[in-house]
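Going down the list, the protein sequences come from chains A and B. The opening position of the first sequence corresponds to residue 56 in the working numbering, with each subsequent residue numbered one higher. The opening position of the second sequence corresponds to residue 61 in the working numbering, with each subsequent residue numbered one higher.
Hints are not guaranteed to be accurate.
As the list claims (entries may be wrong) - Below are the DSBU-like pairs computed for lysine-lysine, each with C-alpha atoms no more than 35 Å apart in a straight line:
| no. | chain 1 | residue 1 | chain 2 | residue 2 |
| --- | --- | --- | --- | --- |
| 1 | A | LYS82 | B | LYS241 |
| 2 | A | LYS198 | B | LYS244 |
| 3 | A | LYS170 | B | LYS244 |
What the hints assert, rightly or not - Quick list of simulated restraints, FRET-style, between CB atoms:
| no. | chain 1 | residue 1 | chain 2 | residue 2 | range |
| --- | --- | --- | --- | --- | --- |
| 4 | A | ASP247 | B | ASN513 | 51 to 59 Å |
| 5 | B | ALA576 | A | GLY266 | 19 to 27 Å |
| 6 | A | SER195 | B | ALA576 | 54 to 62 Å |
| 7 | B | GLU600 | A | ALA267 | 13 to 21 Å |
Claimed, not checked - Computed footprint of chain A on chain B; a stretch qualifies when at least three of its residues, placed anywhere within it, have a C-beta under 8 Å from a C-beta of chain A:
| no. | region |
| --- | --- |
| 8 | 185–193 |
| 9 | 233–244 |
These are calculated hints, taken from the structure and not from any lab test. Cβ atoms here follow ideal geometry from the backbone N, Cα and C, with glycine treated the same way.
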Amino acid sequence: MVKLFKIKRSRGENGNQGINRFSSLSKINTSQYLFGDGGSSVSTFNIETLANSELSWESTASKNIGLDFQVLDNKISGSFDAYLSNTKDLLQLRSIPSITGFDQVLTNIGEVENKGFEFSINSRNYDNPNFGWDTNIVFSSSKNKIISLGGVDANADGIEDDDVANGWFIGQPIDAVFGFKTNGIYQLNDTDILSGFGPGDFRIVDKDDDGAITPADREILGRTSPNYIISLGNTLRYKGFSFYMLISSTQGGGENNAYIGDNYDTRSVNPRAFTTFTERFNVHNVPYWTASNPSNLYPRLDYVAPFDHPIIEDRSFVRIQDISLSYNFNEKVLNKIGFTSLQIFTSIKNAHTFTDWTGYNPETSTTVKGSPNLSSYTFGLNFGF
Amino acid sequence: MKKYFTYNYLFINILSITLLLVSCSDDLLVEKPESFLTPSNAFVNADGYNAAIAELHRLSRGLRTSEVVNDYAIENFEEDKAVTTIYANGTDIASFAVTNQNQFTDYAKINSTNPLVSAYWKILYKMIANANTIVANITVSELKEEDKLRIEGNARFFRAFAYRFLVYLYGDVPLLTAEIKTPKFDFTRAPVNDILAFMKEDLEFASANLPSENPGDGQLSKAAADHILAETLISLKDYTGAIQAASLVIDNSQYALMQSRFGSSTSIDGDVFWDLFRINNQNGSSGNTESIWVWQLDFTTLNGEPKNRLTRCWGPRLERVKDSEGNRAYVVPPASIDTLGRGVGFVHPTEYLEYTIWESDFNNDIRNSKYNMQRRFTNNNPASPEFGQMMVPRASDLSRNHNVFVKKTAAREGYPQGYDTDGRMYTDMYAIRLAETYLLRAEAYFLNGDNTNSTADINIIRNRAQATPIASSLITLDYILDERARELVSEEPRRLTLARMNKLAERVRLYNPVSAPSIQDFHNLWPIPQDAIDANLEAELIQNPGY
Chain A
56 MVKLFKIKRS RGENGNQGIN RFSSLSKINT SQYLFGDGGS SVSTFNIETL
106 ANSELSWEST ASKNIGLDFQ VLDNKISGSF DAYLSNTKDL LQLRSIPSIT
156 GFDQVLTNIG EVENKGFEFS INSRNYDNPN FGWDTNIVFS SSKNKIISLG
206 GVDANADGIE DDDVANGWFI GQPIDAVFGF KTNGIYQLND TDILSGFGPG
256 DFRIVDKDDD GAITPADREI LGRTSPNYII SLGNTLRYKG FSFYMLISST
306 QGGGENNAYI GDNYDTRSVN PRAFTTFTER FNVHNVPYWT ASNPSNLYPR
356 LDYVAPFDHP IIEDRSFVRI QDISLSYNFN EKVLNKIGFT SLQIFTSIKN
406 AHTFTDWTGY NPETSTTVKG SPNLSSYTFG LNFGF
Chain B
61 MKKYFTYNYL FINILSITLL LVSCSDDLLV EKPESFLTPS NAFVNADGYN
111 AAIAELHRLS RGLRTSEVVN DYAIENFEED KAVTTIYANG TDIASFAVTN
161 QNQFTDYAKI NSTNPLVSAY WKILYKMIAN ANTIVANITV SELKEEDKLR
211 IEGNARFFRA FAYRFLVYLY GDVPLLTAEI KTPKFDFTRA PVNDILAFMK
261 EDLEFASANL PSENPGDGQL SKAAADHILA ETLISLKDYT GAIQAASLVI
311 DNSQYALMQS RFGSSTSIDG DVFWDLFRIN NQNGSSGNTE SIWVWQLDFT
361 TLNGEPKNRL TRCWGPRLER VKDSEGNRAY VVPPASIDTL GRGVGFVHPT
411 EYLEYTIWES DFNNDIRNSK YNMQRRFTNN NPASPEFGQM MVPRASDLSR
461 NHNVFVKKTA AREGYPQGYD TDGRMYTDMY AIRLAETYLL RAEAYFLNGD
511 NTNSTADINI IRNRAQATPI ASSLITLDYI LDERARELVS EEPRRLTLAR
561 MNKLAERVRL YNPVSAPSIQ DFHNLWPIPQ DAIDANLEAE LIQNPGY
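Chain A with its partners taken away, still in its complex shape (with noise of 0.2 Å):
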């Protein structure tokens, strides 16, 4: 009946020193410059990056549980693993205030916590010298969320201070969005458009409720980490043919609103912070608003955000990833055209995408000002003699 059964257990510390030689010192740059007319150029020096001389390594301490077994004469075999890991002096670039002339610094910072679980499963359903029928699963969930930032509390309220500066709350994934909400878009007739604010343009959650929108409106919006990621293959295999299918599924939302991406390039056709209207563009052809569009989704046509914020989408998705089929012709009709083997086959890869992700591709966070995900369509004969 069991074949094999695994329980693996470990813990241990790491030490990551993933920063190149000479890090700690400060860089300088060059460019140029030129004094009088018709001479050549001077070389400048430009202080790049400031020192940091406290920079080490970070150290991760993590416990791993695990399971290997193969049951049932080999017909299911996999393995579950559970880890729970704490890095501590993380090697960040951290953004800094832009008043010390540099905007970030290459330092070591807090205590992040990971945590998640893995599990893959092979089965061989049907195996008889006619007809088989495998089915394999991989599944993984990841989380992590910041410990500390290094314990600062500079307003006294005893509670461990957030760097908004970076994107980096105390309790929450490293990988927190934060920023401006937009629910819709601003109509004709509405009576509540705020300051600096028209019909057409999104409509900037006021999360304070102070009539105006401000720094203080913005709060954390999602992760763009997925709650977890399946892929489910199967191969079915009748006399000669052969078929493969390979489905694979990245899974967010939820209450912590996870795996979103910022889709403004698809869904506001002047593109962000660009300023002049987009005559010159041959740009996507999206629904934008206007008076007889009123569109909830897509702002007007030159649309520029007075505050700078994402539009969020959720970048779940389901997608049938590899198709194929093959034929192996058999020895008798070999024997007759002398070939020792001949396979006749066709695949397909990335054959479809089921998303509410309306960029291209879901999975990098493409917006159409990207290339699209590609679909590849292959068929072909193998013959060897």
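Place chain B on chain A using the hints.
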């Protein structure tokens, strides 16, 4: 066996103790950069410091030509439009002609997340950080004393120059007086007067240590420091000091207003005011005695072409104008025929700039001559039935297709590359010109209650322009601002001037009908950038009121 074990044990002990006592030398652990530059190997001789000073020149040029803005602003922000918000748009002289967006046309849209507000802040503090590093290193270096003083004088001039933009654009700002060596999160805003006093110290040091002879090739000299010092002292209400500082420049025999035609373009119809803005006419080698400090540009010199795109911004967008049959009324490339370049019309002058300020001397003030303020444009398309006739606005035209062309911003000989859709020019740009020194002294005299001398200074400018002298009873701060518009349009950072004199909101309401409905008094200052407030974790940077 036992004995053997004991010896073995002893041996291991001796070895361990030896290893413990012998450590590698400290030198081995010091990272010695050999393939890249860091302050410890860059600042070892005068060349290194000169290169750091040259970078300050480059960054400061970027406040005018916009080459640097894009490095600090968000993606896609067109940098030449960015610069026009400092020099023209949203002030009394012009508004952004394209769409009514966040280019300081609709002030209700200006907030702390505006990318320009953040970009300028970063560039200016970058200049200050670089200057502070130079000062910190040079004072402990082993260079010759005269080199030390010259380099420190240059660095401190640029530090004051950066604070000048900060203090007038943002008001109270954090005051950094020394090099920052570790990340800091607890900046607070210092009062305007502290900043001005610090600038005064820097400029006095620069004035004492920069060369008194004007090299005329883009390098700094004493007069540049005295000029900015005069402006700073006006803000500190030390009018006598301001008059003295400006007089040091004006009375210096190296400097005089150009009174007759000179330089590269005398074979072409024009006048002396037009000559001041032709290619190669800004540096001392052209015979120009009026320039005090000039930002350098040069065709085909590495990084000598940092996007002087003034024509793009200020030129009317003629290439979209049609004739009565729908043909183009203006064809490119016109380089051989005309002087218009490729305007895109981002800056739309107000009626104030186009007409109001010229009313009293419309036909005699050479700054309003057809060479300097072009008001008529000719159909140059031979295929058009109206070829050779004056273009007329049509219903289909946009405001950006037609405006008075401030020809300071155009350069017939400025296009060595031929027709260029990018609209780059290679004309050097005045950072400081003597005419402004006169106008600063006039302002100081006026504020000091000396109308006679104030009028005399203004009339020196007006005489050169062949305009009627003004009577001293008519001098006001607003008149000085009008004269500055006539003389310095597109050269002076108009927003800075108006903010410095606390006149921005008042004069926008008077002269800029596009921005008048949205501007409020608090808009005289920009907001403190949100990214600066957010990153300053350990202290609060208080936002300017109103934002």
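Hint check:
no., hint, in the structure
1, A:LYS82 with B:LYS241, "13 Å, holds"
2, A:LYS198 with B:LYS244, "31 Å, holds"
3, A:LYS170 with B:LYS244, "33 Å, holds"
4, A:ASP247 with B:ASN513: 51 to 59 Å, "58 Å, holds"
5, B:ALA576 with A:GLY266: 19 to 27 Å, "24 Å, holds"
6, A:SER195 with B:ALA576: 54 to 62 Å, "60 Å, holds"
7, B:GLU600 with A:ALA267: 13 to 21 Å, "19 Å, holds"
8, 185–193, "holds (count 7)"
9, 233–244, "holds (count 7)"
Comparing the model with each earlier hint shows no violations; every hint is respected.
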